[in-house]
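Chains A and B supply the protein sequences, listed in that same order.
Heads up: the first sequence at position 14 corresponds to 14 in the working numbering, and the numbers run straight through without jumps.
If you want the working numbering, it's the 1-based position in the second sequence plus 80.
These are computed hints drawn from the structure, not numbers from a lab.
Honestly, I wouldn't trust all of these hints.
Calculated lysine to any residue pairs in the SDA-like style (CA-CA distance at most 25 Å, straight line) [stated by the list, open to error]:
id	chain 1	residue 1	chain 2	residue 2
1	A	Lys11	B	Glu283
2	B	Lys278	B	Glu106
3	A	Lys76	B	Glu106
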Amino acid sequence: MDDAKTFEQFKECAVKVLGVSPDKVVMEANFAEDLEADSLDIVELVMELEDSFSIKVEESELENVNTVGAAYELVKGKLA
Amino acid sequence: MNMYGSKVVGWGAALPDEVVTNKDFEARLETNDAWITERTGIKERRMGGTTSSLAVEAAQKALANAGLQPSDIGLLVLSTTTPEQTVPATSGTIQAQLGLTCGAFDINAACAGFVYGLVVGHSMIATGTERVLVIGSDTLSKITDQQDRSTAVLFADGAGAVILERTAPEDNAVLGWDLGVDGSLVPILYCDHGGYLKMEGREVFKRAVLAMVSSAKTAMERAGVTADDIALVVPHQANIRIIEAANNRLGLSMEKTAIVLDTTGNTSSGSVPLALSAAVEKGMVNPGEYILFSGFGAGMTWASAVVRWGK
Chain A
1 MDDAKTFEQF
11 KECAVKVLGV
21 SPDKVVMEAN
31 FAEDLEADSL
41 DIVELVMELE
51 DSFSIKVEES
61 ELENVNTVGA
71 AYELVKGKLA
Chain B
81 MNMYGSKVVG
91 WGAALPDEVV
101 TNKDFEARLE
111 TNDAWITERT
121 GIKERRMGGT
131 TSSLAVEAAQ
141 KALANAGLQP
151 SDIGLLVLST
161 TTPEQTVPAT
171 SGTIQAQLGL
181 TCGAFDINAA
191 CAGFVYGLVV
201 GHSMIATGTE
211 RVLVIGSDTL
221 SKITDQQDRS
231 TAVLFADGAG
241 AVILERTAPE
251 DNAVLGWDLG
261 VDGSLVPILY
271 CDHGGYLKME
281 GREVFKRAVL
291 AMVSSAKTAM
301 ERAGVTADDI
311 ALVVPHQANI
321 RIIEAANNRL
331 GLSMEKTAIV
341 LDTTGNTSSG
351 SVPLALSAAV
361 EKGMVNPGEY
371 ILFSGFGAGM
381 TWASAVVRWG
391 K
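When you get a sec, could you build the whole thing from the sequences and use the hints?
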């Protein structure tokens, strides 16, 4: 899957779970500050991403994942 | 087909008098009302009483509601994760205080325990017992570190009870259920003897949503109903966000969901019958309509049941 398509799929998940407009889901967006997502929103986003990409994300992997870019890299790393 | 079916003929609930608000926690812990409300939906909770005193009060209300005497009860099943002693079971104390003459035992399936109890009660009726009193009662505040802001705001005290009565098989109202546990998940939510509840909140959140969705689906399938047929959802009252996330995935609306956690917090075994009693009082369900009960808890346990409402 190419990068643009993967990010589009990631973005769809974020828009659905966090209820934000698609143009806000950019690499540098901070979940807490820019997307008003709290820790439970992140858990829900992870669940959505797990379903959508058929991957598994452990709780420990979410340490220091504060931005869309970091979360996207985590997902992408699991698709390789 | 079983020899007998069962139906719910009485219900009641009990809460201690002392109200502890989010503001009260603000005064002594580094937390605030907005944080607690946004992440849990809890505004206040009740603390006090004992597992047996709350259970007795709820059971007496259920007996009065059903128009029954203690001698009419053939079995007492108490769901609790906060028994008063290691030995004997707390159900014995309750049996004596209610003036029952029947057998009694405790079950512990944590916050899924009341639904476990309901299914056990139904099963005992299916094999011949005439009426079973199922009580869920917990005093979680006693096993919660009141200085730990991650758990102190969540766990509280309360109880509820229902009475199941024998019916002809064709009138059976307990239609389908699912009970489960994944014992590999003990480390994410537990309490050692003499200790306090320890919880990995985010992991529990995730597992709870997944367990509720899968268990509710199984119970509905076994009952031969779909989400559209459910008039009232009575979920375990741990966290509004868990309930919303599970409902979304199940296609169930919050309008038809019983919620009391805003004023009760998480009362473990007490939560489902507390929510049921409140929903019935509000007129959220009519005779003949279907109720979906769903619980999840430490273990991790889960339990769901579909019940047709009506005496």
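* Asked: Can you give the numbers of the hints that this structure goes against, from lowest to highest?
  -> The structure conflicts with hint 3 only, although it agrees with all the remaining ones.
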